[in-house]
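Asks: For the protein sequence lines, the chains are C and R, in the order given. Position 21, counted from 1, in the first sequence is what UniProt numbering calls 21; the numbers after and before it change by one each time, with no gaps. Position 138, counted from 1, in the second sequence is what UniProt numbering calls 138; the numbers after and before it change by one each time, with no gaps.
Calculated from the structure, these hints are not laboratory results. All clues stand as given, with none of them false.
Because identical chains cannot be distinguished in the list, a pair is counted as satisfied if it fits within a single copy or across any two copies.
No farther apart than 27 angstroms at their CA atoms in a straight line, the calculated lysine-lysine pairs in the DSSO-like style are these:
(1) LYS272 with LYS184
(2) LYS19 with LYS2
(3) LYS272 with LYS229
(4) LYS114 with LYS236
(5) LYS236 with LYS19
Being a predicted model, the structure only gives us computed values, none of them experimental.
In case you want the letters, here they are:
Protein chains: 2
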Amino acid sequence: MKIAYLGPEASFTHHAVQKAFENGQLIPFTTIPDCIEALTTGEVDRTVVPLENALEGSVPITVDYLFHEVDVHITAELVSPIEQHLMVHPHNGNDWENLTKIMSHSHALAQCHKYLYYRFRGISLEQSTSTSAAARYVSEHPEENVAAIGNSMAAGKYGLKMVEENIHDFHFNHTRFAVLSRDKATDILLLEETSHKSTLMITLPSDDRPGALHQVLSAFSWRQLSLSKIESRPLKTGLGNYFFIIDVEQSMDGVLMKGAVDELEALGCTVKLLGSYHKYTVPTN
Amino acid sequence: MKIAYLGPEASFTHHAVQKAFENGQLIPFTTIPDCIEALTTGEVDRTVVPLENALEGSVPITVDYLFHEVDVHITAELVSPIEQHLMVHPHNGNDWENLTKIMSHSHALAQCHKYLYYRFRGISLEQSTSTSAAARYVSEHPEENVAAIGNSMAAGKYGLKMVEENIHDFHFNHTRFAVLSRDKATDILLLEETSHKSTLMITLPSDDRPGALHQVLSAFSWRQLSLSKIESRPLKTGLGNYFFIIDVEQSMDGVLMKGAVDELEALGCTVKLLGSYHKYTVPTN
Chain C
1 MKIAYLGPEA SFTHHAVQKA FENGQLIPFT TIPDCIEALT TGEVDRTVVP
51 LENALEGSVP ITVDYLFHEV DVHITAELVS PIEQHLMVHP HNGNDWENLT
101 KIMSHSHALA QCHKYLYYRF RGISLEQSTS TSAAARYVSE HPEENVAAIG
151 NSMAAGKYGL KMVEENIHDF HFNHTRFAVL SRDKATDILL LEETSHKSTL
201 MITLPSDDRP GALHQVLSAF SWRQLSLSKI ESRPLKTGLG NYFFIIDVEQ
251 SMDGVLMKGA VDELEALGCT VKLLGSYHKY TVPTN
Chain R
1 MKIAYLGPEA SFTHHAVQKA FENGQLIPFT TIPDCIEALT TGEVDRTVVP
51 LENALEGSVP ITVDYLFHEV DVHITAELVS PIEQHLMVHP HNGNDWENLT
101 KIMSHSHALA QCHKYLYYRF RGISLEQSTS TSAAARYVSE HPEENVAAIG
151 NSMAAGKYGL KMVEENIHDF HFNHTRFAVL SRDKATDILL LEETSHKSTL
201 MITLPSDDRP GALHQVLSAF SWRQLSLSKI ESRPLKTGLG NYFFIIDVEQ
251 SMDGVLMKGA VDELEALGCT VKLLGSYHKY TVPTN
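The following block holds chain C by itself, in its conformation from the complex (with noise of 0.2 angstroms):
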């Protein structure tokens, strides 16, 4: 099976992928649209990509893309915590305190912000297009006292010393990433398995009616349908104009689900089933 996924090679999307997928061929692609449209064209055969990350939120870009360009499904949900450390070059192993500058994708500056400044105050910081490109900037300069923040796959893959581990300043942190195919179907994979869920992207009518989201969430709430999460985003249509997704704790199949979704649809909504699929848990090693 061939699985496209965000690279470059050892960035955290590959990480999790190499954990679910033991026998797949996987191919890193520069953006997220460039890994669906490898999807869409039956390039590949799964696509896995950032849906949400506990601190920053949802990545835009994949939900507005599988809103309003494509249409394929998700299989499953690879839940992986976010773990950041200090690697430099071997070179400089002993003498990594006298750092001159420290680089990384913004979202992992970000994420060590308190320890960057309580530990490294006044240092250069620099943004990299990702932490895997951080870590092989560090690895072809050892004439640079230079640090990288990153996984530990890239420390492995571009031979750095970890010299500080576990530099997030949060430890809850935790990104979700969607396996995605052409077809509805539900990937069975070999990791810890927590739960079942359904994501819906509904439209409410057009005419606009105050009170019309409560409306939706009423046929989900006297149903006892437990929403894990519930997220606006534009229409494109003009401000004030969004879709829903809706995370629901259940599958599709039962009798309350379906109602659910007729009763909303005759209720002049428009319902897209995202996917039905288990949730699992990507181990860090």
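Add chain R to chain C, keeping to what the hints say.
Replies: Leaving out everything else, chain R in the frame of chain C:
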């Protein structure tokens, strides 16, 4: 009155602020947190930052900073049309069909994606830190046949020639800017006023019972208080924990709004009033 805005000069925020405050001393800052911190330290009396774009959605750093980091208030909302133009150095004004490069902020390039694809396919696109920085680069490099994409204010400031106007793909593109103050206040501006709004930030009870959000919306719905926006953002306490930002098309004065907020608090919600304010339309020129 000193007013901080998201710079540099000739940014879209600068344009909106200039139209809204005719006699203010306008001071540009580089980042959104810098703009807001200038307010909390007393360096300025008002701060204007982007809150939401019709295509890109909310500006997460603004929303998160207002919830997690500071206690400031929205005193007015400015809604400004976003018009993008193609501009070149006047030396190249007759030869701009043979451009070698087009520069702009990544959002502006994205907003003109179709135009660029059909009109300039194959021409190198380069990201700059702002639309205004792209215009400055073009003004400083007359020897390069390079164009910038930005607003008419940037063309005027850097003496560029606008060779194609309104090249953005979606013509309903607007951005909402928030005027912020340390104190609760309602700013009355010399612009067209369209409506009165209140913005609330709501955290659900920590026992996280299913249907809690539905209950919140019920408090507004049965009182016929119309919501123009609801959005979720991470609480940063773990994946799946959110707070909600709700815009109600109503001032906080009425007995119904007070009743709704009092009852939400009695039900265990935390409700923070971000502001009760007028919404103003910013003219293009």
